[in-house]
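I would like the entire structure built from these sequences, with the hints used as guidance.
Number of protein chains: 4
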Amino acid sequence: MNALRGKENGTWKGLMTVMVTVREKVRFVETDMMGVVHHANYFRWFEMGRVEFLRQAGILLLDLMADGIVFPITEVSCQYRASARFDDYILIETIPQVLSKAKMEFTYRVIRERDGILLAEGYTQNVFTDTNGKIVRLSGRYYELLQAAQNKTESL
Amino acid sequence: MNALRGKENGTWKGLMTVMVTVREKVRFVETDMMGVVHHANYFRWFEMGRVEFLRQAGILLLDLMADGIVFPITEVSCQYRASARFDDYILIETIPQVLSKAKMEFTYRVIRERDGILLAEGYTQNVFTDTNGKIVRLSGRYYELLQAAQNKTESL
Amino acid sequence: MNALRGKENGTWKGLMTVMVTVREKVRFVETDMMGVVHHANYFRWFEMGRVEFLRQAGILLLDLMADGIVFPITEVSCQYRASARFDDYILIETIPQVLSKAKMEFTYRVIRERDGILLAEGYTQNVFTDTNGKIVRLSGRYYELLQAAQNKTESL
Amino acid sequence: MNALRGKENGTWKGLMTVMVTVREKVRFVETDMMGVVHHANYFRWFEMGRVEFLRQAGILLLDLMADGIVFPITEVSCQYRASARFDDYILIETIPQVLSKAKMEFTYRVIRERDGILLAEGYTQNVFTDTNGKIVRLSGRYYELLQAAQNKTESL
Chain A
1 MNALRGKENG
11 TWKGLMTVMV
21 TVREKVRFVE
31 TDMMGVVHHA
41 NYFRWFEMGR
51 VEFLRQAGIL
61 LLDLMADGIV
71 FPITEVSCQY
81 RASARFDDYI
91 LIETIPQVLS
101 KAKMEFTYRV
111 IRERDGILLA
121 EGYTQNVFTD
131 TNGKIVRLSG
141 RYYELLQAAQ
151 NKTESL
Chain B
1 MNALRGKENG
11 TWKGLMTVMV
21 TVREKVRFVE
31 TDMMGVVHHA
41 NYFRWFEMGR
51 VEFLRQAGIL
61 LLDLMADGIV
71 FPITEVSCQY
81 RASARFDDYI
91 LIETIPQVLS
101 KAKMEFTYRV
111 IRERDGILLA
121 EGYTQNVFTD
131 TNGKIVRLSG
141 RYYELLQAAQ
151 NKTESL
Chain C
1 MNALRGKENG
11 TWKGLMTVMV
21 TVREKVRFVE
31 TDMMGVVHHA
41 NYFRWFEMGR
51 VEFLRQAGIL
61 LLDLMADGIV
71 FPITEVSCQY
81 RASARFDDYI
91 LIETIPQVLS
101 KAKMEFTYRV
111 IRERDGILLA
121 EGYTQNVFTD
131 TNGKIVRLSG
141 RYYELLQAAQ
151 NKTESL
Chain D
1 MNALRGKENG
11 TWKGLMTVMV
21 TVREKVRFVE
31 TDMMGVVHHA
41 NYFRWFEMGR
51 VEFLRQAGIL
61 LLDLMADGIV
71 FPITEVSCQY
81 RASARFDDYI
91 LIETIPQVLS
101 KAKMEFTYRV
111 IRERDGILLA
121 EGYTQNVFTD
131 TNGKIVRLSG
141 RYYELLQAAQ
151 NKTESL
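Residue numbers (our numbering), protein chains in the order written: chain A, 1 to 156; chain B, 1 to 156; chain C, 1 to 156; chain D, 1 to 156.
Because the hints were derived from the structure by calculation, they are not lab data.
Any given hint could be a false lead.
Only pairs whose alpha carbons sit at most 30 angstroms apart, straight line, appear in this in silico DSSO-like list of lysine-lysine [said to hold, decoys possible]:
{"id": "1", "chain 1": "D", "residue 1": "134", "chain 2": "B", "residue 2": "101"}
{"id": "2", "chain 1": "D", "residue 1": "103", "chain 2": "D", "residue 2": "134"}
{"id": "3", "chain 1": "A", "residue 1": "103", "chain 2": "C", "residue 2": "25"}
{"id": "4", "chain 1": "C", "residue 1": "134", "chain 2": "B", "residue 2": "25"}
{"id": "5", "chain 1": "C", "residue 1": "134", "chain 2": "C", "residue 2": "103"}
{"id": "6", "chain 1": "B", "residue 1": "25", "chain 2": "D", "residue 2": "25"}
{"id": "7", "chain 1": "D", "residue 1": "101", "chain 2": "D", "residue 2": "134"}
{"id": "8", "chain 1": "D", "residue 1": "101", "chain 2": "A", "residue 2": "134"}
{"id": "9", "chain 1": "C", "residue 1": "101", "chain 2": "A", "residue 2": "25"}
{"id": "10", "chain 1": "A", "residue 1": "103", "chain 2": "A", "residue 2": "134"}
{"id": "11", "chain 1": "B", "residue 1": "25", "chain 2": "D", "residue 2": "103"}
{"id": "12", "chain 1": "C", "residue 1": "101", "chain 2": "C", "residue 2": "134"}
{"id": "13", "chain 1": "A", "residue 1": "101", "chain 2": "A", "residue 2": "134"}
{"id": "14", "chain 1": "D", "residue 1": "134", "chain 2": "A", "residue 2": "25"}
{"id": "15", "chain 1": "B", "residue 1": "103", "chain 2": "B", "residue 2": "134"}
{"id": "16", "chain 1": "C", "residue 1": "103", "chain 2": "A", "residue 2": "25"}
{"id": "17", "chain 1": "D", "residue 1": "25", "chain 2": "B", "residue 2": "101"}
{"id": "18", "chain 1": "C", "residue 1": "25", "chain 2": "A", "residue 2": "101"}
{"id": "19", "chain 1": "B", "residue 1": "134", "chain 2": "C", "residue 2": "25"}
{"id": "20", "chain 1": "D", "residue 1": "25", "chain 2": "B", "residue 2": "103"}
{"id": "21", "chain 1": "C", "residue 1": "25", "chain 2": "A", "residue 2": "25"}
{"id": "22", "chain 1": "B", "residue 1": "134", "chain 2": "B", "residue 2": "101"}
Computed footprint of chain B on chain A, listed as stretches where at least three residues anywhere in the stretch have a Cβ under 8 angstroms from a Cβ of chain B [as the list claims (entries may be wrong)]:
{"id": "23", "stretch": "19-31"}
{"id": "24", "stretch": "35-46"}
No residue lacks a Cβ here, since even glycine has one placed at the ideal position from N, Cα and C.
Now the structure itself:
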């Protein structure tokens with residue numbers, strides 16, 4: 001569980017304590033010739049965390065897409081602290097920062113399971129668009145699901 | 001240029017001498033911790049050769065998809081002779097074997113440019129389906145383009 | 001469990017019934033614009049199965065590499081039966097075919113968990129080399145581990 | 001050509017006008033089921049630009065590695081403006097920001113060739129370490145090569 005102040009008024013009003021953790025094993029193919037995981041792969045891991053966060057909130061990306069909503073990434077960043085290596089078990093922590101009708105912002109922490117070392121911290125921003133790339137605002141049902149996840153957390 | 005007998009009667013009737021070559025540079029990200037290119041990447045290279053072969057035949061995959069035709073891979077193989085390494089220039093040779101209304105079969109050779117060493121030989125088979133996965137036969141216009149590419153070659 | 005006759009005399013002498021299954025969830029990044037998993041990713045999955053098979057046999061690839069042994073892929077193939085899609089849970093079954101001092105051959109089956117549908121069948125061959133690419137024969141200790149895994153299976 | 005003030009005193013003292021552009025074609029495999037290039041691939045493109053910038057400066061990553069120097073990524077970011085799509089030709093512009101004995105910082109712009117649209121802007125930071133992960137300062141020869149590239153630019 002994690003506690004961060006919401007970044008935007010009116011979105012996450014209180015302390016956010018919800019966090020979803022995904023456990024993964026580093027794949028051989030994810031390494032490069034420096035012997036460590038190639039840095040681009042962390043964004044694949046963040047995506048897995050984000051997908052799982054939304055799934056636990058009741059939102060399946062396949063449903064969104066079937067409703068004509070896509071969710072392009074508009075901004076990402078990552079700071080690398082230590083190298084993930086082949087066969088490591090990693091924990092991908094996904095923490096919501098902004099969940100509005102217009103966009104989703106998450107931060108992430110990738111932790112090596114065996115010693116708790118922080119490997120990387122990341123950030124992503126998605127917006128919602130229709131399939132022509134036009135910005136849309138998330139429809140009521142999906143937004144309610146996000147709000148419900150938020151409220152459940154805040155009442156803890 | 002390459003010469004192979006057609007594998008199927010009624011498809012490529014004579015000697016096939018058409019071949020499309022794509023030149024690429026090995027990317028750092030394509031290596032793995034053994035210090036060489038990860039074997040799965042060769043199928044990305046074969047795909048690039050196949051896309052370019054079809055483009056030169058006048059067939060754009062985006063047009064096919066806009067017409068509701070997709071082209072899933074149904075079979076692949078690869079034999080690896082020597083390792084491609086970071087910074088190598090490679091030549092991806094794409095040779096059509098079967099181009100029918102129902103499927104496309106290609107073979108490939110990946111060659112290291114600086115010394116002509118054969119790195120890998122591959123094979124792929126695509127079929128044509130609609131977006132629901134139902135097998136379709138390639139429509140007249142696209143098939144004529146493939147035939148035209150073939151005839152142009154055979155008249156050489 | 002699977003039963004296949006060994007392909008080579010003196011390697012797997014009896015029925016092979018050992019099989020290792022890895023469960024994975026299809027990642028968003030593994031899809032392509034046809035809406036299904038890109039075919040090259042199946043070789044990443046086979047690799048995960050192979051790594052886990054060896055791990056259960058007591059052989060860690062990192063140990064092999066620390067001992068100066070690498071294990072380049074020399075041949076692969078895959079037949080695709082149905083498309084894996086985003087969010088599917090898949091089972092990757094890894095079945096040893098040949099485990100000798102000179103090479104490892106495995107076959108694979110990828111199965112969609114929710115309905116048991118066979119998505120793909122594959123084959124890979126690795127050889128053992130030193131870091132200069134020279135073929136080596138697997139040293140006693142590692143080979144004994146493979147043999148032990150085999151014998152444990154055969155005594156079932 | 002690009003003009004940016006150096007970010008650090010004593011590193012790039014004047015205007016930097018050097019820029020290296022790499023032209024690439026978007027691969028089918030780089031798309032995802034939203035029909036556009038998956039965002040993680042931009043970091044592969046930035047890497048290609050960075051490799052080419054260093055190559056033009058006379059520095060080959062393979063030489064660095066042979067000398068026991070590796071160059072892990074410590075920070076990245078990317079802002080996505082418009083989607084790259086399959087078959088687009090893209091221009092990857094790589095602009096050095098900081099080239100010191102301790103680290104390299106670059107910014108990038110990815111441009112769609114056919115209409116000059118800016119698709120993405122990025123940033124990466126590498127440090128230099130030995131193969132045990134210990135920070136090192138770039139040796140004289142390599143640093144001179146970077147300085148030479150810089151001076152050649154500044155004298156334009």
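Numbers of unmet hints, in rising order
1, 8
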